[in-house]
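Asker: Sequence:
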Amino acid sequence: MEENFAEQIVPGTFIRVQAEGLIAPKGVSFGNVGIVGTAAAAEDVTDAIGQTHILGSMEDAAKLYAASDALSAGTLNLMRGLALLFANGARTVYAHALAAGADQTAFANGTAELLKDTINIL
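Sequential numbering of the sequence shown, starting at 3, is according to the numbering used here.
Mixed in with the good hints, there may be bad ones.
Claimed, not checked - As a list, the in silico SDA-like pairs of lysine to any residue whose alpha-carbon atoms are at most 20 Å apart:
| # | residue 1 | residue 2 |
| --- | --- | --- |
| 1 | Lys65 | Thr94 |
| 2 | Lys118 | Thr54 |
| 3 | Lys118 | Ala89 |
| 4 | Lys65 | Thr48 |
Just so you know, these hints were derived from the structure itself, not from any lab.
Let the sequences and hints guide you as you build the complete structure.
Answerer: The structure is reproduced here in C-alpha cells:
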C-alpha cells in the first residue's frame, strides 16, 4: 500500500486515509478487576452497599446499583467506572460499593476487602 495515498474527492480538496486510522482495537480481557466506588442501591435491593459483588456485565451491575448521578455532582461514581471497565474488555469485576460521602477509611477498608479475592488489577 502506498504511504502517501491522496485522492481528489471534490475539486481542490484532497483526502488522505492512513491505515492506522481505520483500525479500532477491541477490548482486551485482562483477568479479574477490582473496583471500589460510591453508589446507590437499585430499587428493591438491600445488600448492594458495603459488600463485594462479582459482576460479569453491565446488566449484572444495573440489577444491584442505581445509575450514576450527573458527572458534575460526582458523588455516585461506581457505575461510571464499571461502564468503562466493561466497555474496554473486563469480564469479571469484583465491585465493592460504598455509600455516597464515604471517607478515606471506608475506601481503604473496601480495598482491603477486595485484596482477599483473586484480583489482577485494582
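Asker: If a hint holds in the structure, say so; if it does not, say that too.
Answerer: For each hint, the structure was consulted:
| no. | hint | verdict |
| --- | --- | --- |
| 1 | Lys65 / Thr94 | holds, 16 Å |
| 2 | Lys118 / Thr54 | holds, 11 Å |
| 3 | Lys118 / Ala89 | violated, 26 Å |
| 4 | Lys65 / Thr48 | holds, 11 Å |
Checked against the numbered hints above, the structure breaks only hint 3 and satisfies the rest.
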